[in-house]
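J.: Listed below, chain by chain, are the residues.
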Amino acid sequence: DVKVTQSSRYLVKRTGEKVFLECVQDMDHENMFWYRQDPGLGLRLIYFSYDVKMKEKGDIPEGYSVSREKKERFSLILESASTNQTSMYLCASSLSSRGRNQPQHFGDGTRLSIL
Amino acid sequence: AQSVTQPDIHITVSEGASLELRCNYSYGATPYLFWYVQSPGQGLQLLLKYFSGDTLVQGIKGFEAEFKRSQSSFNLRKPSVHWSDAAEYFCAVGRPNFGNEKLTFGTGTRLTIIP
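So the protein sequences, as listed, match chains A and B. Each residue of the first sequence is one higher than the one before, counting from 1 in our numbering. Each residue of the second sequence is one higher than the one before, counting from 116 in our numbering.
Everything labelled a hint here was simulated from the structure, so no lab data went into it. Cβ atoms here follow ideal geometry from the backbone N, Cα and C, with glycine treated the same way. Treat each hint with caution, since some may be false.
Each pair of labels, with its calculated beta carbon distance range [said to hold, decoys possible]:
| hint | chain 1 | residue 1 | chain 2 | residue 2 | range |
| --- | --- | --- | --- | --- | --- |
| 1 | A | 95 | B | 179 | 23 to 29 Å |
| 2 | A | 70 | B | 123 | 38 to 44 Å |
| 3 | A | 71 | B | 127 | 32 to 38 Å |
| 4 | B | 184 | A | 17 | 21 to 27 Å |
Below, in silico cross-link-like pairs of lysine-lysine (BS3-like), each with a Cα-Cα straight-line distance of 30 Å or less [stated by the list, open to error]:
| hint | chain 1 | residue 1 | chain 2 | residue 2 |
| --- | --- | --- | --- | --- |
| 5 | A | 55 | B | 183 |
| 6 | A | 70 | A | 3 |
| 7 | A | 3 | A | 55 |
| 8 | B | 183 | A | 71 |
| 9 | A | 3 | B | 164 |
| 10 | A | 18 | A | 70 |
| 11 | A | 55 | A | 71 |
| 12 | A | 3 | A | 71 |
| 13 | A | 3 | A | 18 |
| 14 | B | 183 | B | 164 |
| 15 | B | 176 | A | 3 |
| 16 | B | 164 | A | 57 |
| 17 | A | 3 | A | 53 |
| 18 | A | 13 | A | 3 |
| 19 | A | 55 | A | 13 |
Start from the sequences, fold in the hints, and give me the full structure.
T.: And the structure:
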């Protein structure tokens, strides 16, 4: 089975801090994704990456950046955390298959609180 | 751009009763369609997917979904629910387009099971 591991289940940070969320997958997937999940809004895509060092903005990239230096690892960075970034963050990965939208596999999420 | 609507925010059913969760999508051609389930504090788990072919798709945990092109729907069904089915359910749509393997998620339906 595919395993997507997020480094922290719960994280508490202060306003203005630089925050790193780490995600590692063990199935050699080309695609990796970062979402945030808020009640009533479902999952919203922040950034995704379809290859090492490649990234594309999702629907809500403002205030975030990402890094993908190795195929298995995709990091989400909050440059200067703000209280409106308090949320559940989900990482996912999928196999690239020439646009056939293979299923995405999810980590257990990081619940981030910004005080 | 594609979109997904899950019109029911919250559904309550009795244990042993049948279940249908609604999902409507907006996309010009036949999309790729997915149903995911999220138990409290967990990431999303794939229940089933539709790419093409038979419009009735079987998934895990006894779930099935039917793709109806004329109604732009992909409703999830289960003939008899169990208390362990209490969770949040997300429908997702993907566009068959090489290089763009993002999914768009609905806002979710929370399922409560009563004895």
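J.: If a hint holds in the structure, say so; if it doesn't, say that too.
T.: So, going through the hints one by one against the coordinates:
A C-beta distance of roughly 24 Å is found between residue 95 of chain A and residue 179 of chain B, which places it inside the suggested range of 23 to 29 Å. Against the hinted window of 38 to 44 Å, the Cβ-Cβ separation of residue 70 of chain A and residue 123 of chain B comes to about 41 Å, which satisfies the hint. For the pair residue 71 of chain A and residue 127 of chain B, the supplied restraint of 32 to 38 Å is violated, since their beta-carbon distance comes to about 44 Å. Hint check: residue 184 of chain B to residue 17 of chain A, Cβ distance near 49 Å, so the stated range 21 to 27 Å is violated.
Restraint check for residue 55 of chain A and residue 183 of chain B: not satisfied, since their Cα atoms lie roughly 34 Å apart, outside the 30 Å limit. For the hint pairing residue 70 of chain A with residue 3 of chain A, the CA-to-CA distance comes to about 16 Å; that is within 30 Å, so the pair holds. Restraint check for residue 3 of chain A and residue 55 of chain A: the C-alpha separation of about 21 Å stays at or below 30 Å, so the hint holds. Distance hint between residue 183 of chain B and residue 71 of chain A is unfulfilled; the C-alpha atoms sit about 38 Å from each other, more than 30 Å.
Simply put, residue 3 of chain A and residue 164 of chain B have alpha-carbon atoms about 19 Å apart, close enough for the 30 Å limit, and the pair holds. Only pairs whose Cα atoms come within 30 Å are accepted, and residue 18 of chain A paired with residue 70 of chain A is accepted, the gap being roughly 21 Å. Of the pairs offered as hints, the one joining residue 55 of chain A and residue 71 of chain A holds, with about 12 Å between alpha carbons and a cut-off of 30 Å not exceeded. About 14 Å separates the Cα atoms of residue 3 of chain A and residue 71 of chain A, which keeps this hinted pair within 30 Å; it holds.
As the CA atoms of residue 3 of chain A and residue 18 of chain A are separated by approximately 27 Å, the hinted pair is consistent with the 30 Å bound. Using a Cα cut-off of 30 Å, the hinted pair residue 183 of chain B and residue 164 of chain B holds, with the two alpha carbons roughly 14 Å apart. Pair hint residue 176 of chain B plus residue 3 of chain A holds up; C-alpha atoms about 20 Å apart against a cutoff of 30 Å. At most 30 Å may separate the alpha-carbon atoms for a hinted pair to count; residue 164 of chain B and residue 57 of chain A meet this at roughly 25 Å.
At roughly 21 Å between alpha-carbon atoms, residue 3 of chain A and residue 53 of chain A fall within 30 Å of each other, so this suggested pair holds. For a cut-off of 30 Å, the pair hint linking residue 13 of chain A to residue 3 of chain A stands: about 27 Å separates their Cα positions. Proximity of residue 55 of chain A to residue 13 of chain A is assessed by CA-CA distance (about 26 Å); at most 30 Å being required, the pair is judged to hold.
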